[in-house]
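Asks: Listed below are the residues making up each chain.
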Amino acid sequence: MRIRFLSATAILCALVLAFSAAPNARAVGNIFEHMAIPVDPCNWGGWYMGINSGATWNHFDIGKHTSEVNLTDQFYELFPVAARGSRYLRQLRFSRAQR
Amino acid sequence: MEVDTFASFDFPGHNDKTNNKPIGGGQTGFNFQFGHFVVGGEGGFSGNTSEAGGKSSGFQTKELFLFTQQMNVTAETEFTSIRKVETDWNGFIGGHLGFALWQFLFYGSGGAAFTDVHFTAMDKADTSFFSPCDGGGLQPCPGAPRAVQPAPPLGTVFIGEVVSRKTSSHKDVLTGWYGGGGALYALTNNVSLGVDYKRVDWGDKTDHFSSGGPVFPGNTNVGVSADQVTFQVNVMLWPFH
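Line order of the protein sequences matches chains A and B.
Quick note on this note's numbering: the first sequence kicks off at 1 and runs consecutively.
Quick note on this note's numbering: the second sequence kicks off at 1 and runs consecutively.
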C-alpha cells in the first residue's frame, strides 16, 4: 500500500514537471531556429569613409653589392701636388715618414 | 699617364625583418550589395615609419705602381659599407568581395599597393699607404741610422693615411600588390568596426649610385614587403541609412 502511494506520487510529479517545462522547451527551440536561419543581412551598399590604426611588420631585402675605391686617386689626395712632379712628392714623403 | 688601380669589395646581402611598427591612416570606398554578396572598391593611405639596414666591412692589401712617380706603393684599405632603407607612408587601391551575414561582413581583398622608399648608401675607404724602404735612396727605413741601412729594401715605411667617404641617397616610390581579408561588424546602420589583414609586396628596385670617386658605392637591389593588421572604423556617407 505504501509503495503504491509513493509510486503514484512520483508519476504525478513527473507529469506535472513535464507539462510545466514544455513552454520553456519551445522557447529554447525558437532560439535555435533563429540561429539556424540567417536573418536579412545589413545594408552595406554605398559610399563610406573611415580611419584605421594597427601594426605593420616590414621586411627589407637588401641585395649584395660590390663597392670600389680608386687607390691612385686616394694616393693623390694624400699628395695633391705630387701629380705635377716627383720632386714635390719626394719632399712630402720624406717629411711625413720622418714625423 | 697614370693607370688607375682599384680595390673591389664584395658585400653580402641581408634580410631584415623589422619589429612591429605602428601604422595609421584612412580609407574610403564604395560597395554594391546583391543579397548576401557585397562587391566594391577601396583606396587608402597609411603613415608608418620603419627602417632597416646593415653594416659590412672588408680589408684588402693591394700593390700599385705609380707611373708618374715611378714607384711602388702598398695600399692597405679598410672599407666600410652601410646600406639603410626607410619608408614613411604607403597606400593602396583595390577591390573586395564579401559575404554579409547578420551584422557581419566577411571579405577578401586585393589590388595595387604603393610605398615610398628612401635608400641611403654610406661607404668609407680608410687607406694606409706604405712604400718600400731602401738603404739610402729615395726612402730610408725608419729606426736605424742611414749609414747601416742595408740595400736592397728590407721592409716598408708608412707614407700616410687617407679616409674617403661617399654618402648617396635616393627617394623613390615602389609599386606592387596586396592581398588579404577581414571582417566588419555593423555597430549601427551607418557605423561599422572591423579588423583587416594585408600581405603587401611592393617589389624591388636596384639603386645606382653615381660618384666622382675615389669611392664608388656599388649598385644595390632593395626589396620591401610587409604584413599589416589594422582596426577600422567606417562611416556610411551616402546613402545615409
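Among the hints, a few may not be true.
Claimed, not checked - 27 Å max Cα-Cα, derived DSS-like pairs, lysine-lysine: (1) A:K64 <-> B:K205; (2) B:K17 <-> B:K124; (3) B:K55 <-> B:K21; (4) B:K84 <-> B:K21; (5) B:K62 <-> B:K21; (6) B:K171 <-> B:K55; (7) B:K166 <-> B:K124; (8) A:K64 <-> B:K55; (9) B:K171 <-> B:K124; (10) B:K205 <-> B:K55; (11) B:K62 <-> A:K64; (12) A:K64 <-> B:K17; (13) B:K171 <-> A:K64; (14) A:K64 <-> B:K166; (15) B:K17 <-> B:K205; (16) B:K124 <-> B:K55; (17) B:K205 <-> B:K166; (18) B:K166 <-> B:K21; (19) A:K64 <-> B:K124; (20) B:K84 <-> B:K171; (21) B:K21 <-> B:K205; (22) A:K64 <-> B:K84; (23) B:K124 <-> B:K21; (24) B:K55 <-> B:K84.
Unchecked claim - Okay, the calculated beta carbon distance ranges per label pair: (25) B:D116 <-> A:N43: 35 to 43 Å; (26) A:A55 <-> B:T74: 50 to 58 Å; (27) B:T49 <-> A:N43: 50 to 58 Å; (28) A:K64 <-> B:G43: 17 to 25 Å; (29) A:P80 <-> B:P12: 32 to 40 Å; (30) B:P239 <-> A:W57: 35 to 43 Å; (31) A:K64 <-> B:Q70: 32 to 40 Å.
No wet-lab data here; the hints were simulated from the structure.
From a predicted model like this one, the values you see are computed outputs, not experimental measurements.
All residues carry an ideal CB built from backbone N, CA and C; glycine is no exception.
Asks: Next step is simple, just say for each hint if it's right about the structure.
Replies: So, going through the hints one by one against the coordinates:
1. A C-alpha spacing of about 13 Å is found between K64 (chain A) and K205 (chain B), which places the hinted pair at or below 27 Å, so the restraint holds.
2. For the hint linking K17 (chain B) to K124 (chain B), the alpha-carbon distance of about 26 Å falls within 27 Å, and the restraint holds.
3. Taking the CA atoms of K55 (chain B) and K21 (chain B), the gap is near 22 Å; set against the 27 Å cutoff, the hint holds.
4. The suggested pairing of K84 (chain B) with K21 (chain B) holds, with an alpha-carbon distance near 17 Å, which does not exceed 27 Å.
5. The straight-line distance between the Cα atoms of K62 (chain B) and K21 (chain B) is roughly 45 Å, outside the 27 Å bound, and the hint therefore fails.
6. The hinted pair formed by K171 (chain B) and K55 (chain B) meets the criterion: a straight-line CA distance of about 20 Å does not exceed 27 Å.
7. Restraint check for K166 (chain B) and K124 (chain B): the C-alpha separation of about 6 Å stays at or below 27 Å, so the hint holds.
8. Note on K64 (chain A) and K55 (chain B): the hinted pairing holds, with a Cα-Cα distance of about 12 Å set against a maximum of 27 Å.
9. Note on K171 (chain B) and K124 (chain B): the hinted pairing holds, with a Cα-Cα distance of about 22 Å set against a maximum of 27 Å.
10. Distance restraint check for K205 (chain B) and K55 (chain B): the Cα-Cα separation of roughly 20 Å lies within the 27 Å cut-off, and the hinted pair is therefore satisfied.
11. This hinted pair checks out: K62 (chain B) and K64 (chain A) have alpha carbons roughly 23 Å apart, not beyond 27 Å.
12. Distance hint between K64 (chain A) and K17 (chain B) is fulfilled; the C-alpha atoms sit about 17 Å from each other, no more than 27 Å.
13. A C-alpha spacing of about 20 Å is found between K171 (chain B) and K64 (chain A), which places the hinted pair at or below 27 Å, so the restraint holds.
14. The suggested pairing of K64 (chain A) with K166 (chain B) holds, with an alpha-carbon distance near 18 Å, which does not exceed 27 Å.
15. Distance check on the hinted pair: K17 (chain B) and K205 (chain B) sit about 18 Å apart at the alpha-carbon level, within 27 Å; holds.
16. The suggested pairing of K124 (chain B) with K55 (chain B) holds, with an alpha-carbon distance near 11 Å, which does not exceed 27 Å.
17. Taken as a hint, the K205 (chain B) and K166 (chain B) pair is honoured in the structure, with Cα atoms around 21 Å apart against an allowance of 27 Å.
18. Annotation: proposed proximity of K166 (chain B) to K21 (chain B) is violated, straight-line Cα distance about 30 Å (limit 27 Å).
19. Our distance criterion of 27 Å between C-alpha atoms is met by K64 (chain A) and K124 (chain B), whose separation comes to about 17 Å.
20. With a C-alpha separation of about 12 Å, the suggested pairing of K84 (chain B) with K171 (chain B) holds against the 27 Å cut-off.
21. Of the supplied pair hints, the one linking K21 (chain B) and K205 (chain B) holds, its CA atoms being roughly 23 Å apart against a limit of 27 Å.
22. Restraint check: the Cα-Cα separation between K64 (chain A) and K84 (chain B) comes to about 13 Å, which is no more than 27 Å; the hinted pair holds.
23. Proximity of K124 (chain B) to K21 (chain B) is assessed by CA-CA distance (about 31 Å); at most 27 Å being required, the pair is judged violated.
24. Between K55 (chain B) and K84 (chain B) the CA atoms are separated by roughly 9 Å; this keeps the pair inside 27 Å, and the hint holds.
25. Separated by about 37 Å at the C-beta atoms, D116 (chain B) and N43 (chain A) satisfy the suggested range of 35 to 43 Å.
26. Against the hinted window of 50 to 58 Å, the Cβ-Cβ separation of A55 (chain A) and T74 (chain B) comes to about 53 Å, which satisfies the hint.
27. The hinted window of 50 to 58 Å between T49 (chain B) and N43 (chain A) is violated, with their beta carbons roughly 38 Å apart.
28. At about 36 Å, the beta-carbon gap between K64 (chain A) and G43 (chain B) misses the expected band of 17 to 25 Å.
29. The hinted range of 32 to 40 Å is satisfied by P80 (chain A) and P12 (chain B), whose Cβ atoms lie roughly 36 Å apart.
30. A hinted range of 35 to 43 Å for the beta carbons of P239 (chain B) and W57 (chain A) is consistent with their spacing of about 38 Å.
31. Under the hint 32 to 40 Å, the C-beta atoms of K64 (chain A) and Q70 (chain B), about 38 Å apart, fit the expected range.
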